[in-house]
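A.B. asks: Okay, here's what each chain looks like letter by letter:
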Amino acid sequence: MTAKIEVVRPGIFATVQDLGRPGLAAIGVGRSGAADRGSLRLANRLVGNPEQNAALEVVLGGLVLRFSAPATVAVTGAPCTITAGGRAVGPHAPIHLRAGEDLVLGTASQGLRCYVAVRGGVDVPAVLGARATDTLGKLGPPALSAGMTLPVGTRVLDHPGVDLAPRASLPEEPVLRVSPGPRLAWFTSDALSTLVSSGFVATSDVDRVGVRLSGPALSRAREGELPPEAAVPGALQIPPSGQPILFLADHPVTGGYPVIAVVDETDLDLAAQIRPGQRVRFRPA
Amino acid sequence: MRVLPYGARAALIDFDDPSEVLGLHASLEQDPPDGVVELVPAARTLLIRFDPGRTHHDRLAGDVLDRSTVDIVPRETAEIVVPVRYDGPDLADVAAAAGLSAEAVVRRHEDGTYVSAFCGFAPGFAYLTGLDSALHLPRRPSPRTRVPAGSVAIAGEYTAVYPHASPGGWHLIGRTTLPVWDVERDPPNLLTPGTRIRFTS
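In order, the protein sequences belong to chains A and B.
Each residue of the first sequence is one higher than the last, beginning at 765 in the working numbering.
Each residue of the second sequence is one higher than the last, beginning at 238 in the working numbering.
Read the hints as simulated data drawn from the structure, not as lab findings.
There may be inaccurate statements among the hints.
Partner residues aside, some chain B positions facing chain A, computed with beta carbon under 8 Å [stated by the list, open to error]:
#1 R246
#2 A280
#3 R281
#4 P360
#5 H401
#6 P404
#7 P425
#8 T432
Here are the simulated lysine to any residue pairs, SDA-like style, with alpha carbons at most 20 Å apart [unchecked claim]:
#9 A:K902 <-> A:M912
#10 A:K902 <-> A:D971
#11 A:K902 <-> B:R296
#12 A:K768 <-> A:V920
#13 A:K768 <-> A:T836
#14 A:K902 <-> B:R383
#15 A:K902 <-> B:S370
#16 A:K902 <-> B:P385
#17 A:K902 <-> B:A359
#18 A:K768 <-> A:K902
#19 A:K902 <-> B:V273
For every residue, glycine included, the Cβ atom is placed at its ideal position computed from N, Cα and C.
Input sequences plus hints: build the corresponding full structure.
C.D. replies: Printed below as a string of structure tokens:
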């Protein structure tokens, strides 16, 4: 019999995520997948899963899961209190649950997204080769809701040799490395130096598509529209307001606003943990 | 043709002539330079994502600039015929804006031979070039919150078939029952870049 996870409480917003659907942008399908890929991979490694198994991405914690059968899980990403069958347990380590026990995530004290992997993976049907929910492209399973059940799969590796992965805590003010984007010439000569020398604040408009930032306006040197062109995760798109939009996992495959700079792929996990109201800085790669 | 940096792992090829996009796309697909991970065509550009451990911007730029897009023939694809019922809610408005009768709008749309140039906006949403210039109109001033799947629409220099129900600002001139997008099919998108398309009522 397939083990099941019952979603008792989904928190604010939780989705099934894996490493997404790379290589399909030419047919209009973005990569999607975990916004903080490093945390997803770590959670999978801690329970002895292949890295591409599907797990849960949970905004700000607040999730309650009930397990129908004994299970091994791990929680990574934004730090939050965790209890398993009423016992206080820690993040970044395998957690063992007995049948009928609940896993309860408190509210994340820092960062934005927690990841919960279960040994065997979340076994919802794959769409175009992945189980990730693409919130913009409307692919993959629906967001978690109370009462939903999730099947647990059987794709596992050997149990891992490590049982605790130390992780650096999330910075108060993340600094993201940027390289020039394709439309730098559309901006005034000081726009890039303004980007890397000023502080920006994440607005309340933060989701899997991107982070809308507020700060000094990055001024255009030329007006006009750009025909649609392909975008990548990490692109900093500048709409007419001059306020940057940082693209994350579910960004549009093509966009029409000029991209001034691109956040390095290695810093995107950090970018995925930016909370509304948090200060952010950029520096040259 | 200009090669623009797009962060540390991609380059954007910017073309003066949009017809060159598919030519270079075909050339790079047939004979990909080392380290290329993905190609994404768009209206006037081609994005090349690469593995920075295997190549770098200048090497890739050199390879791309050495290729002539003039002699490259895009891969042959079967022509797809899309049956249309031309009864869209914007047909009369399009006719008025174009200074044509509704019948003439339909005839001009049917007479075109289209090529899928690129996808975007939504999975499977293909921008088809080849629209009669008399039908080039700006988007509707206010987008609809819901456009039904299968709507045949025009905007700017493009025509398209909405693959799923979604918001949209294009002019709806008809609808088709042909499923242009099906995730159970391989490939899921019927109108992949380079495909030739005709519409018939």
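A.B. asks: The structure should be examined with respect to each hint, and the outcome stated for every one.
C.D. replies: Now for the hints, and whether the structure bears them out:
1. About 6 Å separates the beta-carbon of R246 (chain B) from the nearest beta-carbon of chain A, less than 8 Å, and the hint is met.
2. Given the 8 Å rule on beta carbons, the hint for A280 (chain B) holds: about 4 Å separates it from the nearest Cβ of chain A.
3. Among the interface hints, the one on R281 (chain B) holds; its C-beta lies about 5 Å from the nearest C-beta in chain A, closer than the 8 Å criterion.
4. With a cut of 8 Å, the hint placing P360 (chain B) at the interface with chain A holds, because the nearest CB-to-CB distance is about 5 Å.
5. About 7 Å separates the beta-carbon of H401 (chain B) from the nearest beta-carbon of chain A, less than 8 Å, and the hint is met.
6. Interface hint at P404 (chain B): violated, since its Cβ lies 12 Å from the closest Cβ of chain A, which is beyond the 8 Å cut-off.
7. For P425 (chain B), the interface hint holds, since its Cβ comes within 8 Å of a Cβ in chain A; the closest pair sits about 7 Å apart.
8. For T432 (chain B), the interface hint is violated, since its Cβ never comes within 8 Å of a Cβ in chain A; the closest pair sits about 11 Å apart.
9. Restraint check for K902 (chain A) and M912 (chain A): the C-alpha separation of about 19 Å stays at or below 20 Å, so the hint holds.
10. A C-alpha spacing of about 14 Å is found between K902 (chain A) and D971 (chain A), which places the hinted pair at or below 20 Å, so the restraint holds.
11. For a cut-off of 20 Å, the pair hint linking K902 (chain A) to R296 (chain B) is broken: about 37 Å separates their Cα positions.
12. Between K768 (chain A) and V920 (chain A) the alpha-carbon distance is near 16 Å, which keeps this suggested pair within the 20 Å criterion.
13. The straight-line distance between the Cα atoms of K768 (chain A) and T836 (chain A) is roughly 13 Å, inside the 20 Å bound, and the hint therefore holds.
14. Distance hint between K902 (chain A) and R383 (chain B) is fulfilled; the C-alpha atoms sit about 14 Å from each other, no more than 20 Å.
15. For the hint pairing K902 (chain A) with S370 (chain B), the CA-to-CA distance comes to about 33 Å; that exceeds 20 Å, so the pair is violated.
16. Between K902 (chain A) and P385 (chain B) the CA atoms are separated by roughly 15 Å; this keeps the pair inside 20 Å, and the hint holds.
17. With a C-alpha separation of about 9 Å, the suggested pair K902 (chain A) and A359 (chain B) falls inside the 20 Å cut-off, and the hint holds.
18. Of the pairs offered as hints, the one joining K768 (chain A) and K902 (chain A) is violated, with about 25 Å between alpha carbons and a cut-off of 20 Å exceeded.
19. With a C-alpha separation of about 28 Å, the suggested pairing of K902 (chain A) with V273 (chain B) is violated against the 20 Å cut-off.
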